[in-house]
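Protein chains in written order, with this note's numbering: chain E, 1 to 282; chain S, 1 to 266.
You may find that some hints are simply not true.
[Claimed, not checked] Derived contacts from chain S toward chain E, CB cut-off under 10 Å, selection only:
| # | residue |
| --- | --- |
| 1 | L17 |
| 2 | V92 |
| 3 | Q97 |
| 4 | S102 |
| 5 | E115 |
| 6 | Q147 |
| 7 | P150 |
| 8 | A166 |
[What the hints assert, rightly or not] Covered stretches of chain S (in silico footprint by chain E; criterion: 3 or more residues with CB under 8 Å from a CB of chain E, positions within the stretch not fixed):
| # | region |
| --- | --- |
| 9 | 35–45 |
| 10 | 116–126 |
[Stated by the list, open to error] According to the in silico footprint, chain S covers these stretches of chain E (three or more CB under 8 Å from chain S):
| # | region |
| --- | --- |
| 11 | 164–177 |
| 12 | 194–200 |
If you are wondering where the hints come from, they were derived from the structure by calculation, not from laboratory data. C-beta atoms are modelled at their ideal positions from N, C-alpha and C, and glycine is treated no differently.
Next come the chains, spelled out residue by residue.
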Amino acid sequence: MTEVVATGRPRSTGILAGLGVTRALALGFVLVCLAVAVAVPFLPLGEPNRQHLGDTLASYSAEHLLGTDQLGRDLLARLLWGTRTSLFAALTAIAVATAVGLPFGMLAGYRRGWVEAATGRVADVILTVPALVLLLTVHAALRSGITGQMVTLGVVFAPRIYRVVRTETVKVATLPYLMAGRMSGCSHTRILLRYLLPGIRAQSLVQVSYLLGLSLLIEAGISFLGVGVESPNASLGTMLSGAAAMLASAPRVVLIPAAVLSLLILSLNVIGDIESKGERRG
Amino acid sequence: MAELLVEVESVTKTYRLGGRLARKPPTVAVGGVSVAIAAGESVGVVGESGSGKSTLAGIICGLVRPDSGSVRVAGREVYARRGLDRTIWRTVQMVFQDPYTSLNPAMTVAEIVAEPSRLWHGMDRREADRRALELLDRVGLSAGAAQSRPDSLSGGQRQRASIARALAVSPSLVVLDESVSALDVSVQAQILQLLLDLRRENDLAYMLISHDISVIRLVCDRILVMNGGEVVEELLSAGLTEEAARHPYTRRLLSAVPTMAVDRQG
Ligand SMILES: Nc1ncnc2c1ncn2[C@@H]1O[C@H](COP(=O)(O)OP(=O)(O)OP(=O)(O)O)[C@@H](O)[C@H]1O
Ligand SMILES: [Mg+2]
Numbered sequence: 001m002t003e004v005v006a007t008g009r010p011r012s013t014g015i016l017a018g019l020g021v022t023r024a025l026a027l028g029f030v031l032v033c034l035a036v037a038v039a040v041p042f043l044p045l046g047e048p049n050r051q052h053l054g055d056t057l058a059s060y061s062a063e064h065l066l067g068t069d070q071l072g073r074d075l076l077a078r079l080l081w082g083t084r085t086s087l088f089a090a091l092t093a094i095a096v097a098t099a100v101g102l103p104f105g106m107l108a109g110y111r112r113g114w115v116e117a118a119t120g121r122v123a124d125v126i127l128t129v130p131a132l133v134l135l136l137t138v139h140a141a142l143r144s145g146i147t148g149q150m151v152t153l154g155v156v157f158a159p160r161i162y163r164v165v166r167t168e169t170v171k172v173a174t175l176p177y178l179m180a181g182r183m184s185g186c187s188h189t190r191i192l193l194r195y196l197l198p199g200i201r202a203q204s205l206v207q208v209s210y211l212l213g214l215s216l217l218i219e220a221g222i223s224f225l226g227v228g229v230e231s232p233n234a235s236l237g238t239m240l241s242g243a244a245a246m247l248a249s250a251p252r253v254v255l256i257p258a259a260v261l262s263l264l265i266l267s268l269n270v271i272g273d274i275e276s277k278g279e280r281r282g
Numbered sequence: 001m002a003e004l005l006v007e008v009e010s011v012t013k014t015y016r017l018g019g020r021l022a023r024k025p026p027t028v029a030v031g032g033v034s035v036a037i038a039a040g041e042s043v044g045v046v047g048e049s050g051s052g053k054s055t056l057a058g059i060i061c062g063l064v065r066p067d068s069g070s071v072r073v074a075g076r077e078v079y080a081r082r083g084l085d086r087t088i089w090r091t092v093q094m095v096f097q098d099p100y101t102s103l104n105p106a107m108t109v110a111e112i113v114a115e116p117s118r119l120w121h122g123m124d125r126r127e128a129d130r131r132a133l134e135l136l137d138r139v140g141l142s143a144g145a146a147q148s149r150p151d152s153l154s155g156g157q158r159q160r161a162s163i164a165r166a167l168a169v170s171p172s173l174v175v176l177d178e179s180v181s182a183l184d185v186s187v188q189a190q191i192l193q194l195l196l197d198l199r200r201e202n203d204l205a206y207m208l209i210s211h212d213i214s215v216i217r218l219v220c221d222r223i224l225v226m227n228g229g230e231v232v233e234e235l236l237s238a239g240l241t242e243e244a245a246r247h248p249y250t251r252r253l254l255s256a257v258p259t260m261a262v263d264r265q266g
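From just these sequences and the hints, can you work out the full model?
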């Protein structure tokens with residue numbers, strides 16, 4: 001018997017297949033930042049909040065590889081700890097948004113009917129709340145710190161994940177292989193986990209990747225305003241706010257954290273782009 | 001006549017495109033069809049595109065709820081007032097028309113074919129895998145193809161994997177929706193031979209949907225001709241000639257029929 005290999009619809013075997021240089025760099029940069037974020041406590045770094053008052057705004061040296069900031073704190077230590085704080089904060093928001101948006105989105109798209117109507121209504125209501133106003137209010141009312149702010153942001157983002165997941169689920173749910181799975185004896189739960197989830201993963205990751213970038217930006221924004229990470233603790237946002245005045249005299253102190261933040265956000269958007277291109281159905 | 005496996009009584013299914021307010025008239029996909037299939041019987045359905053063959057198949061398999069009429073499988077009402085009797089899928093299985101969307105792309109072919117054995121028959125993983133490989137071998141898929149995902153298989157290979165999946169349930173009726181028409185002639189002959197063998201071994205009944213009446217004559221005892229959502233003619237395939245058919249569509253189908261060599265006796 002001849003085994004003819006399919007010619008229709010060639011498919012990449014993973015995210016890395018067909019990856020261009022830009023995308024490889026973007027993915028690499030995000031992975032390095034994540035690795036650093038996890039490894040920071042084990043790196044031989046100075047204490048990030050320790051002030052060397054006789055040594056403010058020092059330039060690059062063996063002792064301070066990236067120099068010091070306006071309060072004489074080691075810039076490299078603050079940059080790495082700040083990246084960790086910012087990334088973990090953004091990941092908290094995404095974790096909450098996904099934990100809420102994904103299951104409700106899948107259920108709504110799979111069951112339709114009143115489940116979709118009810119969850120859709122709630123999502124619409126949440127979407128009308130301006131994120132920044134809510135964050136300022138929560139800060140004023142609860143003072144729950146950056147974690148509280150990011151959980152709040154996660155709730156604000158949940159409808160966006162919900163919508164993408166629901167749309168994708170509706171598309172996949174009409175395909176005959178789901179019916180074949182039901183006929184094979186799969187329960188609804190098994191269909192959701194083994195048939196639907198893999199089918200909606202790519203598009204959902206695009207949204208997650210994009211929202212992760214947005215969360216980083218919002219963390220920076222609210223920390224800059226003093227309602228996110230509290231100084232003296234380092235995050236990419238507090239580093240910018242503390243050093244904003246130094247832009248003319250010591251641009252390095254502002255530009256380095258700003259560059260890391262921008263690159264991270266840019267990279268996350270580029271990664272989202274690959275995933276959507278790689279998996280778009282024919 | 002043997003015990004009735006499937007009893008379909010005047011089922012109707014109407015589709016309204018674009019919701020209730022649309023101006024387009026609703027499509028009557030199936031209008032008042034009654035069919036009975038006995039255990040071990042093999043029924044062919046022919047009809048032009050859009051004549052309601054797939055819709056009727058879906059209704060019989062518990063996948064499309066009819067607007068009216070009733071469907072009984074092994075004596076049990078399929079579309080009870082609310083919900084659906086899931087256990088009919090132990091009895092009735094379907095091989096879908098489009099091979100590109102009827103297999104889960106996230107699972108290997110062997111996993112897909114092993115699933116019914118585990119979920120319906122409670123086999124453990126090893127036993128189910130062994131049976132899956134056996135079935136895949138019978139439909140002519142190699143161990144290599146079994147370990148790959150549907151994406152890397154050809155349409156014909158996928159179709160055979162779908163057939164193996166349906167057979168893994170050990171059903172009493174398999175509905176095959178254009179499942180063999182797309183295959184190469186040699187593969188087609190092999191699959192038809194397999195269907196005939198299984199029918200003899202397990203008293204399996206078939207409902208075979210096809211544009212190709214030569215295939216149907218080979219495998220089926222009885223032929224239903226559908227047109228515009230209705231069964232317009234019912235024929236016995238033994239000794240069928242153009243003259244026996246009354247409906248013009250059937251005559252046209254019968255007028256140019258190549259024959260195929262498959263040993264019906266096994
Ligand atoms: N889900 C659906 N929504 C709307 N209309 C449908 C749907 N399924 C079928 N129809 C319509 O019902 C009619 C019968 O369709 P069906 O698929 O049963 O035909 P068929 O005989 O299987 O055709 P083919 O040989 O092309 O597969 C067609 O007019 C089709 O457009
Ligand atoms: Mg059809």
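Structure-inconsistent hints, enumerated in ascending order = Per hint list: 1, 6 and 9 violated.
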